[in-house]
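Taken in sequence, the protein lines are chains A and B. The first sequence begins at 1 in my numbering and counts up one residue at a time. The second sequence begins at 1 in my numbering and counts up one residue at a time.
No lab work stands behind these hints, which were simulated from the structure alone. Note that the structure is a prediction, hence the values are computed from the model and not measured. Be aware that one or more of the hints could be misleading.
[What the hints assert, rightly or not] Computed footprint of chain A on chain B; a stretch qualifies when at least three of its residues, placed anywhere within it, have a C-beta under 8 Å from a C-beta of chain A:
(1) 37-46
(2) 154-161
[As the list claims (entries may be wrong)] Over 12 Å on every C-beta distance to chain A, these chain B residues come out as not near it, computed from the model:
(3) Gln-53
(4) His-125
(5) Asp-130
(6) Ser-150
(7) Pro-189
(8) Glu-201
(9) Ala-235
Quick reminder that beta carbons are idealized off the backbone N, C-alpha and C, glycines included.
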Amino acid sequence: MGGRSLLLSASRGKCRELIQQRGIPVTPGPPRWGEGSDARRLVAVFYQLVELSPSIAILTRAGSNEGPPHHFSMRSFRSMKDCVLRFAFLTLLTATATQQFLGQQAAEESRFTREPAPAPEIAPSDQVCTAFELKLDSSTGRSCQSLAQLAMAGRWQEARPLAEKLALELPSNGIGPYWLGLIELQAGNTLSAFRRLDTALSLSPDVFWVHLNLGLCCALLRQYALFEKEMNWVMNKHPSQPLPYYYLGRHYSKTREDTDKGLALLQRAVNLNPADFRARYHLGYLFELKDRLGEAKAEYQQSFEGAAAHRSSYSWPLQGLARLHLQEANLAEALRYARKAVSLDPRLSENELLLARIYLQRGETDLAIASLEHAIGLDQTDPAPHYLLSRAYSQMKRSKEAEQSLAMYAEVKAAYGN
Amino acid sequence: METRGLRFWSAALLALLVPKLAWSANVETYVIEPKPPQAQSREEFKAYLDIAQAEDPQRSIDLATRFVQQFSRSEFLAQVYRLKMHGYRSLGDAEKTIEAGEKASAANPFDVDTLLTLASVLPGHGADTDVEKTLERAESYANRALQELSGLKASRAVSLSDWRAFLRRMKASAYESLGVVAFKREQYPESVKSFERCIQENPVAEGSQFFRLGVAYQYTGQKDRAIAALERAIAIGPEIVRAKARVQLQELQGTKP
């Protein structure tokens, strides 16, 4: 039995033994569950397990209709809901307890499904301008290079008139609509971006950067069939370009829930561009999901170093490192990385949320509450901080606030999902 | 209540059909579909966007007709029929609104926008011989919409308060339709309950709903409440509602010449 996998092949007693072997302290479950049967007790143990190692895979029955009733195997946390439902059935748990369990599951699962959204891919100025067959020393070539520099500097509003001028000057070249598409994409106007990039592609059908950004735009519009088409076009025509592997890797692992294919694609992306810290983070993340924690740690570390070398505020690898330390119950290191993540990107609600989870584990409830409130302020669509806030208030015996937070959790989850 | 009077008030209640339901403009931007339809080509997606972004309802209808011919196996058919339904509704063509709506509903039976629109349009439509059948369909659509509402997911770009308001407006629309159905069945107390619930749910006071409630109160003999509701309808408007509510109020108070 390797890593964190666990097989409950014989009895509940065996499971308890395995949990104890792993050094997880067994304390009574929530009082409402009482001190009933072994089965109830075991569910309380699982509750502890989830609380202590949120990312840990949880017991789920192996196969839908196969095996004896108590034959479980560990699977990824994605199957936790299934496990809890089955286990609740087996142990005749009350609906309330099951609900609480599922609430925890949802709150934790969301930590692992939210990822940074794609942004426009901006090519180096000489590359993009020559790709559209512009002479770099011509006036349009110079305009194109200026546009690329403005885009790199994030000065999108200044770029717009220049892009419009370029579109008028070169009506049969895709360069103008291409830049206008990126400007719209960056502004979040994905439909306008799609129209512009589609025009750019009609005018300049062989430019790699148009296919790539049109594909990203389609992904943002949740047009995944079109996204895949564009990425596949790029992979076929430019097999040494790492970006389509990176985006397809993310797509397969998240949208299609095919972690193996996602992993293979991200590994290819990293092989083609070892300096891509985003690809490394996502690769590490998939390793983490697959319980290959050593590899996950190595990728997170390299991702962090790569981002630091680029002076980027990309804080996801720090979050990953903090999560891994949290799983190892190394709370001091987890806290150090989580604080670093917050200071690097204080606008990212996930950073505050992770920090809050660590504070909760350390029993620093006041600090956890402050972080959770901050996380809610940064992202009001995430149900997880509301759930954790209700737990924090419960720990402080502030039952009214706990109830309010739980109600908010239910409402936010109903509205936005996990 | 004599039949002539009932017919008049049924007609009066239904004459308030507005070109566009208050919430429907927000459906595309507010609601996230769990499994969005997938275009198989850029042309297909552009053709869909052309319909969705057309400002002229007739153009939207024409483009939708062309889309169905060109992409007969598209995953966007439910959306396209829905847009066509709204196009016809904007033009005030109830028969074709229902026809397009029922095609949309056949393609996606869970689409709340379609269900609510059909529930709203159906009671005022259909031959006298199958009124009850029509009412049953309207009632079924409204009830299904209420069931489906709880499963809708919001776009993360929408704030929770806006989402709450959006859901409440949709609920209000379903209860309004149920109120009209009950009224047409001469089940006036049920009608009052549904209109009251409609007004209670709706975060934005709508004159037409107060007007309907006022008429329903009148039919249950609650004169004071009827007057209060009609006065609210006059205060809120719009002008078409004001005019109808004034006439009704004068009649109710016995001041009509």
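Hint by hint, here is what the structure shows:
For the segment 37-46 of chain B, the assignment as covered by chain A holds, since 7 residues bring a beta-carbon within under 8 Å of that chain's beta-carbons and 3 suffice. Interface restraint, the segment 154-161 of chain B with chain A: holds (4 residues with C-beta to C-beta distance below 8 Å; minimum three). Its closest Cβ contact with chain A, about 7 Å, brings Gln-53(B) to no more than 12 Å, contrary to its assignment away from the interface. Listed as outside the interface, His-125(B) is consistent with that label: its C-beta sits roughly 34 Å from the nearest C-beta of chain A, beyond the 12 Å cut-off.
Even its closest Cβ contact with chain A, about 38 Å, leaves Asp-130(B) beyond 12 Å, as expected for a residue assigned away from the interface. With a cut of 12 Å on Cβ distances, Ser-150(B) falls inside the contact zone with chain A, its closest approach being about 7 Å. The beta carbon of Pro-189(B) sits about 32 Å from the closest Cβ of chain A, which is more than 12 Å, so the claim that it is off the interface holds. Separation of Glu-201(B) from chain A is adequate, the least Cβ-Cβ distance of about 16 Å exceeding the 12 Å criterion.
At roughly 33 Å from the closest C-beta of chain A, the C-beta of Ala-235(B) stays outside 12 Å, upholding its exclusion from the interface.
The structure fails hints 3, 6 (numbered hints given earlier, in ascending order).
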